[in-house]
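These are the residues of each chain, in order.
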Amino acid sequence: MNADAVRLRDLARREEAAPRFLGGHALCAGCGIPVVVRTVLNAIETPVVVVNATGCLEVATTRYPGTAWNVPWLHVAFENAAAVASGVETAERVLRRRGRLAGERPTVVVFAGDGGTYDIGLQALSGALERGHRLVYVCYDNEAYMNTGIQRSSATPAGARTTTTPVGPDALGKAQRRKDLTAIVAAHRIPYVAQAAISHVQDLAAKARRAAAADGPAFLNVLSACPLGWGTPTRDSILSVRLAVDSRYWPLFEIVDGRYRLTYEPARAVPVSEWVGGQERFRHLAAHPEMLAALQAEVDDAWRRLRDQVARDDARSA
Amino acid sequence: MASDGARSAAVAGADAPAEGRVAARRLLTGAQAAAEAMRQIDPDVVPVYPITPQTPIIEAFARHLAEGRVHGEMVHVESEHSAMSAAVGSALAGARTMTATASQGLAYMVEVLYLAASLRAPIVVAVGNRALSGPINIHGDHSDAMLARDSGAVQLFAENAQEAYDLMLCAPRLCEHPEVRLPALVGQDGFTISHSAEPVALLEDAEAQAFVGPYREEDALLDVDRPLTHGAFAMPDAYFEIKVEQAKALERAEGVWAETAAAYRRLSGRDVAAVEAYRLEGAGRVLVAMGSAAGTAKDVVDELRARGEDVGLLKIRLFRPFPRARIAALLSGATAVGVLDRALSPGGWPPLYAEVAATLAGQVRVQSFVAGLGGRDVGPEEIHALFAALGGAGGQESVYLGLGRGGWR
Ligand SMILES: Cc1ncc(C[n+]2csc(CCOP(=O)(O)OP(=O)(O)O)c2C)c(N)n1
Ligand code: SF4
Ligand SMILES: [Mg+2]
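Taken in order, these protein sequences are the chains called A and B.
For the first sequence, the positions run 21 to 338 when our numbering is used.
For the second sequence, the positions run 1056 to 1464 when our numbering is used.
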């Protein structure tokens, strides 16, 4: 265990003593998003201010006049959460400098989906990262636009069925590969970037804490789960995501000041077909072993490159 | 237009304050004048993105910052969409926030401007009014402002650089007022005002700051001890009420502007009232205009009055909320009203005309004139042509003044 490992008991205590995100919201049974939100918010020890992009999380937690948020929360639109957060963060700094704000400094946390981050919000995210705002940007990646009824995003993997990439005689789901957003974010050379998953809560919590401590922008790309969009039983959300991690489809790593480090290594990698197999959105691939083979080859290749990068960075710091 | 500058200097001189004191009169462009107001206001956060003809405003403000005359921060965002987004975040966080834009930039902001109004974020936006593309064009008209017409923002239009300064200084007091709390667009016609220098009277810094007062945000997002949810999702059971409440706040801005203008008049001796009645005593045929064209129109009205014609001008500074009752009252004696628009509403009536015609329905005949699109001059010839047509036959269609006079056809 790392020295800065987060104990689950501490997260649970904080949740009980001062819950930041409350129940009674309308997210689906088995949805992975509350796991992301609770873990991140409970791991961060400072006060927080949350900026949320349009998407399932926003819609399901703030139906007027109700709210599931017990921390300051702001939603403006779909594509601009990073820009809104830039304004909040700048205001915080200026007001403090001008003597109009006192008390412990809050962490500005952004929650946005893959659509709001990989696609329509990418420009605003890139701008905020380049400007160096002190933010913890959390992308909850469920691999499609779920709130609007499961349309493809650039995070949707090749072959996945969505309502805009259906399966038929002339189409086998999404034709393109998913975008490697974590690499794009890393290219901004911000202090902290990580990939995490709802199956590895302690890992996610530790990353959230390191993200909040970073002196500048921090980005967490967290694989969530969407039983509705993926076509998985609601009880299997954590299991599905665990298979994504254990198949190395979604490696868990962090990039601290440009250096890559694996934070979890599956003892034995399971075949990608196990991750894909349990999901309705990939069912048609059973008849297309060549697509599964291509996906496996892609995952293997990406894993090799990641391992090489980690080895190079280890050698550099040794 | 040269006549605008001469006129405004003369007007400012004639209006020299009885009790108010004028600290300095400096040769400034409209853009510089707006930046001077921003310097005196010294806002906390200024997200910016360049676009002609607004850019000199943010360039001047950047120099004020670099040279230590202001003490907030600029956020050099990657687009106007993000400028308005950052502005909303900053204003709701509890910081006084200003920005500037024009044309495509304002168009790009519009999605978020609606949200700024709905979230009741009092952001002051200096606008160098410029034609919307396409075709792309960098010169003045009001098509950008009209795209934002229904956003819920306050809209003010300056006649000259002096007003660009005056309106910018008054805008925070209006839009931050607890009864209002809405964004405000402070327009100055691109190039005609933004890039034309004229003598501008400035208040003393301390006076200006005392007039504007401190920024207050009762429901600041950064108040972590009082967590509030801003920007909730409103279903059909709530949306309607929220929108009507927001619209009423904009309507209240008319009264608050009257108070603001009265206070400003006491301080500066200058009038920034919602509308300006120019030689309306005994006027039968009246032109209604906004922006720099009103300066030219004043010269023409003077000329025609000298010839014994019963003409007058009603200049509109406050376009949103539209001062309906005041306009109807001031035009109660008019026999014909001509409205000059610098924007189109293709397939419908031009925006200012539609507004005035609805205000005066059944009271007097209102005719539509369009001029100055894409920076085409609105000179004395156009205004003369307007008055010549006003009250005559026709009037079922907009008359395009200066069309075909660009040297190209
Ligand atoms: C400018 C704009 N375009 C489109 C939409 C419609 N829209 C709302 S949420 C959404 C998808 C969100 O997807 P994602 O960010 O992945 O979040 P999720 O729904 O999966 O939680 C879309 C397309 C919008 N609100 N605004
Ligand atoms: S549709 Fe998917 S992402 Fe959205 S609330 Fe339901 S399970 Fe969660
Ligand atoms: Mg999604």
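If you're looking for bench data, these hints aren't it; they were derived computationally from the structure.
All of these numbers come straight from a predicted model, not from anything done at the bench.
Even glycine gets a Cβ: it sits at the ideal position worked out from N, Cα and C.
Worth double-checking, as some hints may not be accurate.
In the SDA-like style, the derived pairs of lysine to any residue whose C-alpha atoms are separated by at most 25 Å in a straight line are [stated by the list, open to error]:
#1 A/K199 to A/Y284
#2 B/K1303 to A/K199
#3 A/K199 to A/Q143
#4 B/K1298 to A/Q143
#5 B/K1298 to A/F273
#6 A/K199 to B/K1298
#7 A/K199 to A/G86
#8 A/K199 to B/H1119
#9 B/K1298 to A/N167
#10 B/K1303 to A/I204
#11 B/K1298 to A/Y84
With the Cβ distance kept under 7 Å, some of the chain B side facing chain A (calculated, not the full set) [what the hints assert, rightly or not]:
#12 V1100
#13 V1132
#14 V1143
#15 V1165
#16 D1274
#17 P1282
#18 F1288
#19 V1299
#20 Q1301
#21 L1305
#22 G1446
Verification of the hints:
Pair hint A/K199 plus A/Y284 holds up; C-alpha atoms about 22 Å apart against a cutoff of 25 Å. Taking the CA atoms of B/K1303 and A/K199, the gap is about 46 Å. The hint is violated against a cut of 25 Å. Taking the CA atoms of A/K199 and A/Q143, the gap is near 15 Å; set against the 25 Å cutoff, the hint holds. Between B/K1298 and A/Q143, the direct Cα distance comes to roughly 30 Å. Violation of the 25 Å bound is thereby established for this hinted pair.
At roughly 46 Å between alpha-carbon atoms, B/K1298 and A/F273 are farther apart than 25 Å, so this suggested pair is violated. At most 25 Å may separate the alpha-carbon atoms for a hinted pair to count; A/K199 and B/K1298 exceed this at roughly 39 Å. At most 25 Å may separate the alpha-carbon atoms for a hinted pair to count; A/K199 and A/G86 exceed this at roughly 36 Å. Taking the CA atoms of A/K199 and B/H1119, the gap is about 43 Å. The hint is violated against a cut of 25 Å.
As the CA atoms of B/K1298 and A/N167 are separated by approximately 24 Å, the hinted pair is consistent with the 25 Å bound. At most 25 Å may separate the alpha-carbon atoms for a hinted pair to count; B/K1303 and A/I204 exceed this at roughly 45 Å. Among the hinted pairs, B/K1298 with A/Y84 is consistent with the structure: their alpha-carbon atoms are about 13 Å apart, no more than 25 Å. Checking B/V1100 against chain A: minimum C-beta separation of about 5 Å stays under 7 Å; hint holds.
A cut of 7 Å between beta carbons decides the hint on B/V1132: the least distance to chain A is about 6 Å, and the hint holds. For B/V1143, the shortest C-beta to C-beta distance to chain A is roughly 5 Å, which falls under 7 Å, so the interface hint holds. The beta carbon of B/V1165 is not positioned within 7 Å of any beta carbon in chain A (closest approach about 12 Å), and the interface hint is therefore violated. For B/D1274, the suggested interface contact is broken, since its CB lies about 10 Å from the closest CB of chain A, more than 7 Å.
Nearest Cβ of chain A to the Cβ of B/P1282: about 5 Å, under the 7 Å cut. The hint holds. The closest approach between the C-beta of B/F1288 and any C-beta of chain A is roughly 5 Å, which is under the 7 Å cut-off, so the hint is satisfied. For B/V1299, the suggested interface contact is broken, since its CB lies about 14 Å from the closest CB of chain A, more than 7 Å. Using the Cβ-Cβ criterion of 7 Å, the hint placing B/Q1301 at the interface with chain A is not satisfied: the shortest such distance is roughly 13 Å.
Annotation: interface hint on B/L1305 violated; nearest CB of chain A at approximately 19 Å, more than 7 Å. Because the smallest distance between the Cβ of B/G1446 and any Cβ of chain A comes to about 48 Å, over 7 Å, the interface hint for this residue is violated.
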